[in-house]
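Novice: Chain by chain, the residues run as shown.
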Amino acid sequence: MSQERILMKPESGKWTDAYPHLGRGPISLDDCVSPEFYEKEKQYIFKKNWLYVGRTERLPTIGSYFTRELEILDTSVLVLRDQDNNVHAFHNMCPHRGNKLVWKDDPFVETEGTSSRLYCRFHGWRYDLNGNLIKPSRQDLLLDFEPEKCKVPPIQCEVWNGFIFINLDADNKQTVADFLGDFARGIDGFPFAKYSQTYKFKAELKCNWKIFMDGFAESYHGPYLHAGTFGALSALAKLDAPNPYTDALGYELKGLHRMFSFYGEPSKETPYSLPIEKLLQAGAAGPWNKRVEPVPLPPGLNPTRSETYGFDSFQFFPNFVLIFSASGFTTHAHWPTGPHSHIVEVDMYYHPPSTHQERIAQELTVSYLNDVILEDASPLEGMQAMLNSGAIKEFHANDEEILIRHLHKTVQDYVANAESEQNNEHKTA
Amino acid sequence: MQKASKTMSTKLPEAFQDLVYLVDEWAIADGHQRYLKRVNSTMDEMKAFYDALFPRAAEAIEHINQFDYQLALPADTENLRNLLYSLITVSLAVELWRQPRVRNSANIILTRLC
Ligand code: FES
Ligand SMILES: [Fe+2]
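Line by line, the protein sequences give chains A and B. FYI, the numbering for the first sequence is 286 to 714, going by this note's numbering. FYI, the numbering for the second sequence is 42 to 155, going by this note's numbering.
The set of hints was computed from the structure by calculation and includes no laboratory data. Just so you know, these numbers come straight off a predicted model, no measurement behind them. A hint or two may mislead.
Said to hold, decoys possible - Below, a sample of chain A positions facing chain B; criterion: calculated Cβ distance under 7 Å:
1. Thr-555
2. Leu-559
3. Pro-560
4. Ile-561
5. Thr-640
6. His-641
7. Glu-648
8. Asn-655
9. Ala-662
All residues carry an ideal CB built from backbone N, CA and C; glycine is no exception.
Chain A extracted, bound-state conformation:
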């Protein structure tokens, strides 16, 4: 008989006890400071793993495309939908002499559009949507030329539930679904496409990418950093005791990935509600009249089967965060731009409103979250500057910070393993 598995805290009372290999002591913070470590992260992690670059809604028709300027990959990526409705990714360059292929006005600004062919402005060579050369200009001038060797350089690309992933490692043999593993199996089939109302934000912050991921990997900071925004939580935090609102319902680690499940009662009026919230009957967590979805959740959501369940946040290795809530789902992608800077992209996918009133209430939710994210970001640049001072070499993580411990250990171990493999290859060669 199959029995449903429910995520439970170890009897010892500490989540960390479920993962003996994780360690319990201080953790090196060199991975957020050292420029050498950043170069290794780039080489061994970002250029070798599946990376989320956008959803298929950005490619509505045959010939739809968008470009991604991703410094950490040392390339520009062209993502498009071909004649057969398949999604492909390419290095955004013309194989004639290497001109950057798709851009408007400024080669370093991302662009999007629709086109039935790829056309290089330098000498007018044309390619089809699979990257094959259709026609060079001035065929009378060609010398020993083999058209089949002149293709727009491809990048591995796969779609999982509408999420487009790329992998720069041409030798990669693993599918995205396999890479994302059990967590992905648990949320497979969620009706992502239904949440078609999108709000997108981005910012470049002067801190390492992992430091902002850490900020979304615990809710322990809630009553302190968000004292002004989440009044009810702060009142309880003074007790210095377990906090039913901010202690996670559950934490789970699976291989390179991690998740936590979090409290969230239906959005409603509280003594702390603002006049604008009362006017619009909505707050940061959505409309107050919100009803629970009638459809059963996929088994991987609400893994503790809690009545007070509100959010699940999955952090997929290396830099992709997928958060489920009653409003829909939100993605965060953290793109390093240097050892001490990164771009964060926050995309919210909500229920499409059916009335103007609903749309206006949603505007409050989105505006509120914008400000909460800025509050989350507020300590980070000062923090990075102090980490750079070198005055401390390690940081401390408690049991509610288990995901942060896991993120840094995973990144550090991954780099160390890849490096030693590389060294062994050199020795045997």
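Given chain A's structure and the hints, the job is docking chain B with the ligands onto it.
Specialist: Same frame as chain A, now just chain B with the ligands:
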């Protein structure tokens, strides 16, 4: 007496003519531009806008909500809706932070793309 329609502005629906003076400055269609307007305004400027519009907001929502969401709003009603969007942006500065920017956020803002 003159007919109201002769002197009426087309910028806002008839019932909201007293708010027409807010339109040029605060009826901002683009979300990112609304946020920029907030961080580049003084609290006095935002308080004046908030105090003028907030008491009329419930009535404005009711008016806008009569229109089918699937169809484009008439231009005057769209202005009214954009005023409400600005009210939302500004209300967090007025009611929550009591300053234009999020507390302790220095000069960081998010760029809103859509
Ligand atoms: S570089 Fe593209 S046609 Fe010459
Ligand atoms: Fe937070």
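Novice: The structure should be examined with respect to each hint, and the outcome stated for every one.
Specialist: Now the hints, each set against the structure:
| no. | hint | verdict |
| --- | --- | --- |
| 1 | Thr-555 | 14 Å, violated |
| 2 | Leu-559 | 5 Å, holds |
| 3 | Pro-560 | 6 Å, holds |
| 4 | Ile-561 | 4 Å, holds |
| 5 | Thr-640 | 5 Å, holds |
| 6 | His-641 | 5 Å, holds |
| 7 | Glu-648 | 5 Å, holds |
| 8 | Asn-655 | 6 Å, holds |
| 9 | Ala-662 | 6 Å, holds |
Violation of the numbered hints given earlier is confined to hint 1; every other hint is satisfied by the structure.
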